[in-house]
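Enquirer: Here's the letter readout for the chains.
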Amino acid sequence: MRKFIIKRLLISTVILFFVTLIIYTLIRCLPTSYVETMAMQLSTAPGSKPYEVWIEQLNASYGLDQPILVGYFHWLGDFARGNFGDSWKFTVPVIEEFKSVIGISFIMGAISLVLELVIAIPLGIIAATKQYSKSDYIISASALVGISLPTFFFATVLKLIFAVKLGWFDTHGLVGRNFAQLSTWGQILDQAKHLVLPLATLVIISVGSLMRYTRTNMLEVLNADYIRTARAKGVSEGKVIYHHAFRNTLIPLVTIVGGSLPGLFSGALITETLFSIPGIGYVSYQAMTAGDIPFTMFYLTFIAILTLLGNLISDILYAVVDPRVRIEG
Amino acid sequence: MAKKKAEGYLSAKESRRISKQNRKITNELEKKRKRKNVPESEYLTTMHDPNNSVEFDNLHTYFFTDSGTVKSVDGVTFEVPIGKTVGVVGESGCGKSVTSLSLMQLLQRPQGQIVEGEIRLNLGDKAYDVAKMPYEKLQDLRGNFVSMIFQEPMTALNPVFRIGDQLEEVLELHNKDMSKEKMKARTIELLEMVGIANSEGVYKMFPHELSGGMRQRVVIAMALACRPKVIIADEPTTALDVTIQAQVLDLLRNLKDKINSSIMFITHDLGVIAEMADYVVVMYAGRIVEKGTAEEIFDNPAHPYTIGLMASKPVVGKQVDHLYSIPGKVPNPINMPNYCYFKDRCEMCVGRCDGAYPEEVSISPTHKVSCYRYYADAEKGGNA
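Protein chains in written order, with the working numbering: chain A, 1 to 329; chain B, 1001 to 1384.
Keep in mind that the hints were calculated from the coordinates and are not lab data. One thing to keep in mind: the hints can contain errors.
[Stated by the list, open to error] Derived pair list, reagent style DSS-like, types lysine-lysine, alpha-carbon separation capped at 25 Å: (1) 1032/B - 1132/B; (2) 1176/B - 239/A; (3) 1036/B - 130/A; (4) 1034/B - 1024/B; (5) 239/A - 1031/B; (6) 130/A - 1137/B; (7) 134/A - 1329/B; (8) 239/A - 1204/B; (9) 1132/B - 239/A; (10) 1084/B - 1020/B; (11) 1013/B - 1024/B; (12) 1024/B - 130/A; (13) 1034/B - 239/A; (14) 89/A - 49/A; (15) 130/A - 1329/B; (16) 1313/B - 1071/B.
Taking the hints into account, I'd like the entire structure generated from these sequences.
Expert: Set out below in structure tokens:
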């Protein structure tokens, strides 16, 4: 097991090297350039130097005059030493900006994951055990609707109904207008209220696939011979489903959920942006549109590491929950 | 001109109509089955012969599939006497397993349903009709009074639980007051009984750590744990090699003598039947074509299908170029013909074979066959 993990970590490092190389190349090729925008602004000031002079000067000071490969290794060297640089857009060290926004993203991710599990797994089991019944059709159809809805559309519809028409919630932001005047409890409640719509969007959009996954796996397990054996032993129907069958359904579920655990930190770019929640997704979106290379590089590398970690976790969990799987180096 | 459609072709409209109809039928049956607190009088019955442990009486088990109703078991009547072994033979898909699953009510519901007939189970002081028994009541009998040995040892055990836990579960369910230590001792004893040497070790193992033969033994141990009065062995040796097969058969025979239970032995291996069975039931396309004692069936097969089966069995010491095989194939289970199901494959047809499906005629008090060839004899003898 240890040998397997070490091997996987080494392979992951190689993958990470190429992933960051590609990301860096792409960012350098983006049409949005932080430096060009800045040069434009500076040159329009009265009595200023012309644009060409500014851009040359700025390129040199931001290290953009180097070729892409050189720039990449420069970045890689800094990154390996734990020096993530300063964010151009936010004008603070990248790590500081990251720390200030990751909390809310993690809270949102954790709440929506818990809600998803609590909703999807029981409903998936019900749909499977009552296959082709009315409840199965209702559950499966709503799961399909959830999967098919695009986030931006659904979020907008929610905003229109609950924020604009009914006026129950604010359309965006994490805090209300009078946030500063509220007591500590009031502040917490105010933030919670602002999270209702974004969380509803996140959960409804992603609950469907987990539900269908549970249903499919449960159906497969329920048709297995060992379920018939359990029934032949005289096991009650409830115990057949929640002990014999569920324990087997859990194998794929645990691996898929375990694999998504690092994703809790990755934020929800679209939802956060639509609701202007200052989480990691929204902030990195702002950084990307502004051409803020240090912050974007840091965020995308972070996502890449999380993805690799997720795969590793799901492989390890597989061996934990399924006695047939033994990992050997 | 209507295009000529391939056999079994269903238009979308037809298929929808069938599904709708099926749902109506199965919903009604399911509703009946799911009632709460069914009075015992509804499924209490009396055995026709108290020496029988199971009596199948005109059993009809249908599967309502999307392409039509499959009459897997269509009017099957036979009995399993106490302390005897009844072999059920027939080719794949003839309804052998479905008959046995009906006895346990383990059919794939809601598609699979017992639509008609009785399965009388002799509990000693009373008899129950399993076909009408509510599910919860039957739970107490399953694994306890009636148990089943399944044919797929590789998949019949739950992969995520240890052998010991799976075995103990049966004991726990049916012996509520048994202590933990006693249960473990009994489990180890069971494992030893089925010939597993390393019983302590196997107790802690997962199914995937055992070979097919070992797993089959575990399945047998599980079925025998509560000393059942009726054991259904659904091809218990098919997945095993011949040496293990012989051991398993010996084991079953010894155990049967030890606990005096009845065995319903399902197989398509005639050699195994000859060795094990006291009575033989030959099934073809959901019906019994011939039944009798083992001697009668093997020495004097009457139905052309049984004769064909015997002829297609390899005989040691006899040189043949081609092993005989019965020509043709089983009719489509959805559209069964209204004449003898075997007629199209039969080489011994007589004029009357065009008529309706033949009734059962007795050749001897125990030997019965459904074939027109014996009508003349029976009519002469006057016992049709």
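Enquirer: Confirm or reject each hint.
Expert: Evaluated hints:
1. 1032/B - 1132/B: Cα-Cα ~9 Å, so holds.
2. 1176/B - 239/A: holds (16 Å)
3. 1036/B - 130/A: Distance of about 18 Å is within 25 Å: holds.
4. 1034/B - 1024/B: holds (15 Å)
5. 239/A - 1031/B: Holds, at roughly 22 Å.
6. 130/A - 1137/B: Measuring from Cα to Cα gives roughly 21 Å; hence the hint holds.
7. 134/A - 1329/B: At roughly 40 Å apart (the allowed maximum being 25 Å), residue 1329/B and residue 134/A break the hint.
8. 239/A - 1204/B: Distance ~22 Å between residue 239/A and residue 1204/B Cα, so the pair holds.
9. 1132/B - 239/A: Between residue 1132/B and residue 239/A the Cα gap is close to 23 Å, so the pair holds against 25 Å.
10. 1084/B - 1020/B: Violated, because 44 Å separates the two Cα atoms, which is more than 25 Å.
11. 1013/B - 1024/B: Satisfied, since the Cα-Cα distance of roughly 17 Å is no more than 25 Å.
12. 1024/B - 130/A: Distance of about 16 Å is within 25 Å: holds.
13. 1034/B - 239/A: holds (18 Å)
14. 89/A - 49/A: holds (23 Å)
15. 130/A - 1329/B: violated (36 Å)
16. 1313/B - 1071/B: violated (28 Å)
Checked against the numbered hints above, the structure violates hints 7, 10, 15 and 16; every other hint is satisfied.
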